[in-house]
Amino acid sequence: MTDRRPVRTFFTALLTRQAWAELLYAIILLPMGVFGFSLTVTTLTFSGGLMITFVGLPLLAGTGLLSRYLGQRWRAGANRLLGWDVPAPPPFRAKPGLLGWLSSCLRDGTAWRARLYLALQLPLGIASSVAAAFFVSYGIGALTYGIWYRWLPCNTDPRTHVCHHAAALWNEHYIETTPAILLTALAGLVIIFLAPWIVRGVLAIDRITMRALLGPSWTSSRVEELEQTRAQAVDDSAATLRRIERDLHDGTQARLVALAMNVGLAKEKLAEGGDPSEAAALLERAHTTAKDAIAEVRDLARGIHPPVLDAGLDAALATLCAHSAVPVELRTRLSVRPSPSIETITYFCAAELITNVAKHSGARRAVLDATTTGSRLRLSVFDDGRGGAQLGGGTGLSGLTDRVRTVDGRLTVDSPAGGPTTVTVDLPLAPLQGDSPRNSLQEGQH
Amino acid sequence: MRVAIAEDSAILRDGLAQLLTDRGHEVVAAVPDADGLRAAVEHDPPDVCVVDIRMPPSFTDEGLRAAIALRHSHPQVGVLVFSQYVETRYAAELLAGSTRGVGYLLKDRVADVREFVEALTRVAGGGTALDPEVVAQLLGASRKTDTLASLTPREHEVLTLMAEGLSNAGIAGKLVVTERAVEKHVANILLKLDLPPSDTENRRVLAVLRYLES
Chain A
127 MTDRRPVRTF
137 FTALLTRQAW
147 AELLYAIILL
157 PMGVFGFSLT
167 VTTLTFSGGL
177 MITFVGLPLL
187 AGTGLLSRYL
197 GQRWRAGANR
207 LLGWDVPAPP
217 PFRAKPGLLG
227 WLSSCLRDGT
237 AWRARLYLAL
247 QLPLGIASSV
257 AAAFFVSYGI
267 GALTYGIWYR
277 WLPCNTDPRT
287 HVCHHAAALW
297 NEHYIETTPA
307 ILLTALAGLV
317 IIFLAPWIVR
327 GVLAIDRITM
337 RALLGPSWTS
347 SRVEELEQTR
357 AQAVDDSAAT
367 LRRIERDLHD
377 GTQARLVALA
387 MNVGLAKEKL
397 AEGGDPSEAA
407 ALLERAHTTA
417 KDAIAEVRDL
427 ARGIHPPVLD
437 AGLDAALATL
447 CAHSAVPVEL
457 RTRLSVRPSP
467 SIETITYFCA
477 AELITNVAKH
487 SGARRAVLDA
497 TTTGSRLRLS
507 VFDDGRGGAQ
517 LGGGTGLSGL
527 TDRVRTVDGR
537 LTVDSPAGGP
547 TTVTVDLPLA
557 PLQGDSPRNS
567 LQEGQH
Chain B
122 MRVAIAEDSA
132 ILRDGLAQLL
142 TDRGHEVVAA
152 VPDADGLRAA
162 VEHDPPDVCV
172 VDIRMPPSFT
182 DEGLRAAIAL
192 RHSHPQVGVL
202 VFSQYVETRY
212 AAELLAGSTR
222 GVGYLLKDRV
232 ADVREFVEAL
242 TRVAGGGTAL
252 DPEVVAQLLG
262 ASRKTDTLAS
272 LTPREHEVLT
282 LMAEGLSNAG
292 IAGKLVVTER
302 AVEKHVANIL
312 LKLDLPPSDT
322 ENRRVLAVLR
332 YLES
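From first to last, the protein sequence lines stand for chains A and B. Each number in the working numbering corresponds to the 1-based position in the first sequence with 126 added. Each number in the working numbering corresponds to the 1-based position in the second sequence with 121 added.
The shape of chain A in the complex, shown without the other chains (with noise of 0.2 Å):
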């Protein structure tokens, strides 16, 4: 599939694993889904009738978990036999005591739509070996009819009562003459390698139907994706204290420790009444690490939270591209303020990628974007440097990527070799507002 050539990926595949493979899931869909769907509807008729009884919730749960764990094997053999990547949904957990187990199995909506694919397979199964049976079969027999031709019964023409051995098309044109024949041989041939075509094509809705009702729910899959960025979330602000602590043992503290001690020196020489040009000379040194420990400082509260931000998203940013050591021209157009949470992310994040651009793409110049649009806010950093930019490629995009997805954004990047590189943060306007699960729902699946 992924070879550049097209004509001969389409005759190949006839001859492919997959192929085959395909071909023999195409088939055994068809008892699968009898089995399937005649379980799913009398269970369900059976618990249904049972109700008012005691057996009918016990039987409902019971076969609930039954289809839950037949359509897990199965899309667990459709992953292993034809190669696909249907994620498995969260394991059945169920509350404590029978009632608990009871409700828990009730409630289980994998267990629900698990049933429903499991009916959902006949009318699968019908169409995916129809669809190989048909192919196939007229395929080798197109193929071959001029071997077996002759052995047809006789079929009258109704006009001239002539006996023909032959097959008729719109029952006037016998296929008899040898170009007929050779003609019906090469439609053979294309259907045949058509075959494994179609047959992919019916395993698609399959494939789709497996994922929607055999894999986790959006639900599910939002819990997962939560659960990792906020580990992120939380290492991500525990190193940042690292740092700023490192920062300050290292720099700060041990300047303010080199500048008592200076002091504690120069104040001795004067009490022991020594040489004042010494201790101005110790007084001087202490002045001067005196300014550098207040500029670290400084430079420390800024990487903290950059105090220009209070002034709002565009300052910080006019500030930000001010300071590159590469041009950039800034382009805003802020129509909303966004929530100081993502406004102190985006900055970060530009402040990143100007760092970037300066240190690895070798740019001329380079844009600074910030759009807002409806609910979302847009920031790209275009520049015309050598690109080659990739994700984890040691360039701090990775990291940005994980600090973005925690406020449910995302980051692209547009590198090819040669340059020029886009590197575009979405971001919504607040974490998690004005955000209704449709709309992730189709960012999810982008």
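Treat the hints with caution; some may be incorrect.
Claimed, not checked - Here are the simulated SDA-like cross-link-like pairs (lysine to any residue), alpha carbons at most 20 Å apart as the crow flies:
#	chain 1	residue 1	chain 2	residue 2
1	A	Lys393	B	Glu239
2	A	Lys393	B	Asp229
3	B	Lys295	A	Ala397
Claimed, not checked - Computed footprint of chain B on chain A; a stretch qualifies when at least three of its residues, placed anywhere within it, have a C-beta under 8 Å from a C-beta of chain B:
#	region
4	330-344
5	377-389
Because the hints were derived from the structure by calculation, they are not lab data. All values reported here derive from a predicted model rather than from experimental measurement. The C-beta atom is built at its ideal place from N, Cα and C for all residues, glycine as well.
Please arrange chain B on chain A, whose structure you already have, making use of the hints.
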């Protein structure tokens, strides 16, 4: 006094070297990490080492590890651990075994230059120098509250200075009393804590510390 300094902050390392040189001491090595310190001591053992706890490469406690190792391999070399934090656990590890020629001070103490150099001299001479902060932590954590409460305020002060490693003369200087008076206080304290009178300050420090820890 011949001193080796292991400190990763250049500004502090140079400052310390300057300070000691000014006072007529010889700085035989000034290195930024524990490996450098080990090599320097192997090559030419000084009287005392000043060792920062947090140094490259891991910036955790390699200085402390190196100091403990030095105390075993070169017992005659005094070790003054010099840190921006005092941790009772680190002090306990450092003082495990003996209090001969060992010190643990906050970096802030360098601001009082004379006291700092005195402490360093004490360690070089085989004595002890414990930061008041460490002693305060030990006193605060001690379970012997009843006995400690039976000390008079002056005796409490003397006990603290004893634990820091000061000699009777040092304590007398600090409290501006006669040495004779200090001796009397010390005898009273040892009696109240039920500790044997000891002839050397080292044993006295050790006894006091064990008492506070137990």
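- [ ] State the violated hints by number, sorted upward, taking the hints as numbered earlier in the document.
- [x] Violated hint (a single one): 4; every other hint is consistent with the structure.
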